[in-house]
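Fit chain B to the known structure of chain A by using the hints.
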Amino acid sequence: MRFTARPAAAIMSLSLAAAVLTGCSEQAAGGNDAAAEGACQPSDVRLVGQVRNESNPYEASWLAGGDAYAKSVGLTQERLTYDGDSTKQQEQISQLLAGDTKCLVMNVLPNGDSDTAPIVKGADQAGAYLVTQWNKPADLNPADHATWISHITYNGVESGQQIGDALATAIGGTGGIIALQGILDTAAAKDRFAGLQASLKKNTGVQLLDQQAANFSRAEALTVTKTLLTKHGNHVKGIWAANDDMALGALEALQQQGLAGKVAVVGIDAVPDAVKAVQGGTMTATVSSDGAWQGGIGLAIGYCVATGKLAVKDIAAANRAFFAEQFLITKDNAADFVEPKTNPADFECANVFNRVAGPLT
Amino acid sequence: MTVTAGVTAAPRRRTRRGAAFRDAGPPVALVVIFGIFAALSPQFRSVDNVQNIVDAAAVLAVVTCGITFVLMMGSIDLSAAGVMGAAALTVSLLVANNRNDNDFGLLGILVAVLLGCAFGCLSGLALVLLKVPSFMATLGVSAAGLGVATLLFAGVQPNISDSMLKGWAIERFLGFSCLTWIAAACVLVGWLVQRYTRLGRYAFAIGGAEEVLTLSGVRVKPYKIAVFALAGAFYGLGGVMVTSQLGAGLVQAGDGYDFSAITAAVVGGTLLTGGRGGVLHSAVGVLLVMVLTNGLVQVGVSPYWQGGVEGLIVVAAVAAAVIPQRRRNQVVK
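From first to last, the protein sequence lines stand for chains A and B. Be aware that the first sequence starts at 1, since it is given in UniProt numbering, and climbs by one per residue. Be aware that the second sequence starts at 1, since it is given in UniProt numbering, and climbs by one per residue.
For the record, the hints were derived by calculation from the structure and aren't laboratory data. Errors might be hidden in some of the hints.
Claimed, not checked - Calculated lysine to any residue pairs in the SDA-like style (CA-CA distance at most 20 Å, straight line):
#1 A:Lys88 / B:Ala143
#2 A:Lys190 / B:Trp305
#3 A:Lys309 / A:Ala345
#4 A:Lys71 / B:Gly155
#5 A:Lys190 / B:Val301
#6 A:Lys276 / B:Gly155
#7 A:Lys341 / B:Val156
#8 A:Lys190 / A:Asp210
#9 A:Lys88 / B:Gly147
#10 A:Lys88 / A:Gly112
#11 A:Lys71 / A:Lys341
#12 A:Lys276 / B:Ala96
#13 A:Lys276 / B:Val156
#14 A:Lys331 / A:Gly281
#15 B:Lys221 / B:Arg201
#16 A:Lys88 / B:Leu139
#17 A:Lys190 / B:Gly308
#18 A:Lys88 / B:Gly140
#19 A:Lys309 / A:Ala39
#20 A:Lys190 / B:Gly307
#21 A:Lys102 / A:Gly74
#22 A:Lys88 / B:Met136
#23 A:Lys201 / A:Gln211
#24 A:Lys276 / B:Asn100
#25 A:Lys276 / B:Ser161
#26 A:Lys190 / B:Ser302
#27 A:Lys102 / A:Lys121
#28 A:Lys276 / A:Phe327
#29 A:Lys190 / B:Gln306
#30 A:Lys341 / B:Ala154
Being a predicted model, the structure only gives us computed values, none of them experimental.
Same shape as in the complex, but just chain A (with noise of 0.2 Å):
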């Protein structure tokens, strides 16, 4: 035994160490790429759009608005998906890095807030352009580094509020209302409720009977609201769910208790059904990021600081970080948000900006 052991040990510590000078050599090279800011040519530039997965609508659309923008300027866009994995996301990121990265432009989706920080880093030193949606923690800022260009995120107690004050108009003002929440641990999650609960403050009429958790998920949403409903029996005049699958759980266990119609619904992020739930009018409102347009935006604002169209210094420092504008769609507007689609003039140069309601603070 200790015979073959010595030769396997020296193996492995060889191939060890070579593993690890490969990986110093590549730093070095891809440190050198980032002084070369904006010399990319239109056509050697690589598009990456990297989010959790394909199984869910918001985050298949916005795949297909990476993939119709770099449509719109001759490339295609690479897909990658980490099924919610962390360890998955970083192993994908090092990758990427570790290949050609002088043209790469990354629109990434981090798993969590923990998980910006070490893209951020990796593509620093790789000199990749990136550009993060949602997650960040708050003491990481995009102004600080080279090419993390922008940050964009969407304010969560402001659709909070707008989804809570459609609910009260459409009780009348008056009423009980019960709440279902998200992963309680989650930005998003929080953010919303305290929305919430600003809406109620200012609709005096309106009462929480009850909030629960239901994880963002269908299926929960489903049980919590049949048992919330036998617990409260006809007081719940409305039902606020911090997001649309938890909205259409909850359509769900009120057409099985034959209360369709009765109860007002309000959700957050139009996915395709709750769209068209608001359009046929059993949902009251939900609220819109455009996942197509952040599919897009991410690419596009890296595509132009590549290819030199638009300077790192230019960026306003609000810019670098910012809230982006979002929609509330009622039976009004729905029609508009059935189908995910994206505007190419968005996308130009000069417009990327356009959408920024606001620094993040």
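Relative to the frame of chain A, chain B by itself:
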């Protein structure tokens, strides 16, 4: 070998009274927990709510039924989430839906269940032929199932319009939804299989003492594959039932069901080491878990506390259930 000898010797020492006492734990826990919630909340003890609890338990009961056979063998099965996702998408694309013109009705449901069965078979084959531990094999099959589901999903949610499948969740018979009756039938079938067929008896025996069974000339491999296939069929049906409830085929249809089902089975008194428990135990376990989730909402425990409280009660219930077996080291290791 000494360990095996100890395990096989134990049943001989067991008296009939001991067996009765051992099985009484979970039902007693169920009654006690139900009683506590009923005392605390008038809504909880209403007929509507009891129907609600039973209806909510339907899908989990079917999935747990499948997983119980695997646990009885001493294997573990983590494939439920993937298999249910694949079955959900399959059935929603085969019955009347908004994506294509298919309208196969019952046949579509049958295909989805058979697909689940095929995935189970795959887990079994990987375990028996390739000697992959069941933990890894089923995790892999789960990923494969999610992959198939994602391919079928193709970016657009299929919503079902098939009136029969939708009716399963909505129409009621004697106060309970059709899904509940389907789940009850599954538990009955599962119990009959466990009690009266060679497959069920051997599943027990494999979990109790596989070596003894092999030495006495039984070829256990085909039975192992069959057990996984049976479990897969139950997951397939579970996927179909979720689709009926939600009115749409979701890739995430089986999210969390793998671990909930294992929890329910264990709370009901099925051992992870195999050879103990059974379908009826698991059914009690499912009810216990459901009463708990429902009761905590009904008595108004804050959602911020629920997860923790639920976990503690589950641990306490399992502890109470295994007290009579505490001297058997396989329970506490």
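Verification of the supplied hints:
Of the pairs offered as hints, the one joining Lys88 (chain A) and Ala143 (chain B) holds, with about 14 Å between alpha carbons and a cut-off of 20 Å not exceeded. Only pairs whose Cα atoms come within 20 Å are accepted, and Lys190 (chain A) paired with Trp305 (chain B) is accepted, the gap being roughly 16 Å. Between Lys309 (chain A) and Ala345 (chain A), the direct Cα distance comes to roughly 15 Å. Compliance with the 20 Å bound is thereby established for this hinted pair. A distance of roughly 19 Å separates the Cα atoms of Lys71 (chain A) and Gly155 (chain B); the hinted pair therefore holds under the 20 Å criterion.
Our distance criterion of 20 Å between C-alpha atoms is met by Lys190 (chain A) and Val301 (chain B), whose separation comes to about 19 Å. With a C-alpha separation of about 16 Å, the suggested pair Lys276 (chain A) and Gly155 (chain B) falls inside the 20 Å cut-off, and the hint holds. Distance hint between Lys341 (chain A) and Val156 (chain B) is fulfilled; the C-alpha atoms sit about 14 Å from each other, no more than 20 Å. Distance hint between Lys190 (chain A) and Asp210 (chain A) is fulfilled; the C-alpha atoms sit about 16 Å from each other, no more than 20 Å.
Taking the CA atoms of Lys88 (chain A) and Gly147 (chain B), the gap is about 16 Å. The hint holds against a cut of 20 Å. Taking the CA atoms of Lys88 (chain A) and Gly112 (chain A), the gap is near 13 Å; set against the 20 Å cutoff, the hint holds. Under the criterion of a C-alpha separation no larger than 20 Å, the hint pairing Lys71 (chain A) with Lys341 (chain A) is consistent with the structure, at around 14 Å. Distance check on the hinted pair: Lys276 (chain A) and Ala96 (chain B) sit about 18 Å apart at the alpha-carbon level, within 20 Å; holds.
About 13 Å separates the Cα atoms of Lys276 (chain A) and Val156 (chain B), which keeps this hinted pair within 20 Å; it holds. Taking the CA atoms of Lys331 (chain A) and Gly281 (chain A), the gap is about 7 Å. The hint holds against a cut of 20 Å. Distance hint between Lys221 (chain B) and Arg201 (chain B) is fulfilled; the C-alpha atoms sit about 14 Å from each other, no more than 20 Å. Restraint check: the Cα-Cα separation between Lys88 (chain A) and Leu139 (chain B) comes to about 16 Å, which is no more than 20 Å; the hinted pair holds.
Proposed proximity of Lys190 (chain A) and Gly308 (chain B) is supported: the alpha carbons are some 19 Å apart, at most 20 Å. For the hint pairing Lys88 (chain A) with Gly140 (chain B), the CA-to-CA distance comes to about 16 Å; that is within 20 Å, so the pair holds. Using a Cα cut-off of 20 Å, the hinted pair Lys309 (chain A) and Ala39 (chain A) holds, with the two alpha carbons roughly 10 Å apart. At roughly 17 Å between alpha-carbon atoms, Lys190 (chain A) and Gly307 (chain B) fall within 20 Å of each other, so this suggested pair holds.
For the hint linking Lys102 (chain A) to Gly74 (chain A), the alpha-carbon distance of about 19 Å falls within 20 Å, and the restraint holds. Taking the CA atoms of Lys88 (chain A) and Met136 (chain B), the gap is about 18 Å. The hint holds against a cut of 20 Å. Using a Cα cut-off of 20 Å, the hinted pair Lys201 (chain A) and Gln211 (chain A) holds, with the two alpha carbons roughly 16 Å apart. Among the hinted pairs, Lys276 (chain A) with Asn100 (chain B) is consistent with the structure: their alpha-carbon atoms are about 18 Å apart, no more than 20 Å.
Restraint check: the Cα-Cα separation between Lys276 (chain A) and Ser161 (chain B) comes to about 15 Å, which is no more than 20 Å; the hinted pair holds. This hinted pair checks out: Lys190 (chain A) and Ser302 (chain B) have alpha carbons roughly 15 Å apart, not beyond 20 Å. For the hint pairing Lys102 (chain A) with Lys121 (chain A), the CA-to-CA distance comes to about 16 Å; that is within 20 Å, so the pair holds. Straight-line distance between C-alpha atoms of Lys276 (chain A) and Phe327 (chain A) comes to about 16 Å, which keeps the hinted pair within the 20 Å bound.
The suggested pairing of Lys190 (chain A) with Gln306 (chain B) holds, with an alpha-carbon distance near 17 Å, which does not exceed 20 Å. Our distance criterion of 20 Å between C-alpha atoms is met by Lys341 (chain A) and Ala154 (chain B), whose separation comes to about 17 Å.
Against the hints set out earlier in the document, no violation occurs for any number.
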